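**Student:** So you can see what is in the structure, the chains are spelled out below.
There are 2 protein chains.
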Amino acid sequence: MALVVVNVMPKPEILDPQGKAVTGALTRMGHQGFSVRQGRRFEIQVEGEVTKARLEEIREFAESLLANTVIEDFEVVS
Amino acid sequence: MALVVVNVMPKPEILDPQGKAVTGALTRMGHQGFSVRQGRRFEIQVEGEVTKARLEEIREFAESLLANTVIEDFEVVS
Numbered sequence: 001m002a003l004v005v006v007n008v009m010p011k012p013e014i015l016d017p018q019g020k021a022v023t024g025a026l027t028r029m030g031h032q033g034f035s036v037r038q039g040r041r042f043e044i045q046v047e048g049e050v051t052k053a054r055l056e057e058i059r060e061f062a063e064s065l066l067a068n069t070v071i072e073d074f075e076v077v078s
Numbered sequence: 001m002a003l004v005v006v007n008v009m010p011k012p013e014i015l016d017p018q019g020k021a022v023t024g025a026l027t028r029m030g031h032q033g034f035s036v037r038q039g040r041r042f043e044i045q046v047e048g049e050v051t052k053a054r055l056e057e058i059r060e061f062a063e064s065l066l067a068n069t070v071i072e073d074f075e076v077v078s
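So the protein sequences, as listed, match chains A and B.
For the record, in the first sequence the residue sitting at position 14 is 14 according to the numbering used here, with numbers rising by one throughout.
For the record, in the second sequence the residue sitting at position 40 is 40 according to the numbering used here, with numbers rising by one throughout.
Just chain A, same shape as in the assembly (with noise of 0.2 Å):
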């Protein structure tokens, strides 16, 4: 089994309402001078080997299923 790792964040030019919701909370808790962007962690354990053809198979899916390509950037991170 090894780890393989999928980031979906929005894009830069989206709104991002949850990561703008965090902001203000931060701000009126007191902590000042951040700026945050929500998104999503995908942790997958993959059976057997990660070769080149399951890394592409990965990526394939995540483009299509985890994350919207719309308004979001995704990375795969192994």
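Warning: the hint list may mix true and false statements.
Across the chosen pairs, the derived CB separations fall in these ranges [as the list claims (entries may be wrong)]:
id	chain 1	residue 1	chain 2	residue 2	range
1	A	GLU75	B	SER35	18 to 28 Å
2	B	GLY30	A	GLY24	35 to 45 Å
3	B	SER78	A	GLY48	32 to 42 Å
Calculated cross-link-like contacts (lysine-lysine; reagent style DSSO-like; alpha-carbon spacing at most 27 Å) [as the list claims (entries may be wrong)]:
id	chain 1	residue 1	chain 2	residue 2
4	A	LYS20	B	LYS11
5	A	LYS11	B	LYS20
6	B	LYS20	A	LYS52
7	A	LYS20	B	LYS52
Hint data in this document are derived by calculation from the structure and do not stem from the laboratory.
In this text the structure is predicted, and so the values were computed from the model without any measurement.
For glycine and all other residues, C-beta sits at the position ideal for the given N, C-alpha and C.
Please build the complex by placing chain B on the supplied structure of chain A, with the hints as guidance.
**Tutor:** For chain B alone, kept in the frame of chain A given last:
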């Protein structure tokens, strides 16, 4: 501006319905041999230098605001 990341994941012993749904969808789509857990990723832009005190501040609000430590683990990555 420097980037600090906070990853929040469901604890291993906690059921993860979102991850289970993704794993199930992958299997139905013919992607075998993957087990997915889904969490949240916070990208925090920090004004000025990321000092030890600043990192400690982030760790504190990650624990109190970003994660629900009853059911989630978090890590601060700088």
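**Student:** Does the structure break any of the earlier hints, and which numbers would those be?
**Tutor:** Hints that this structure does not satisfy do not exist here, as all of them hold.
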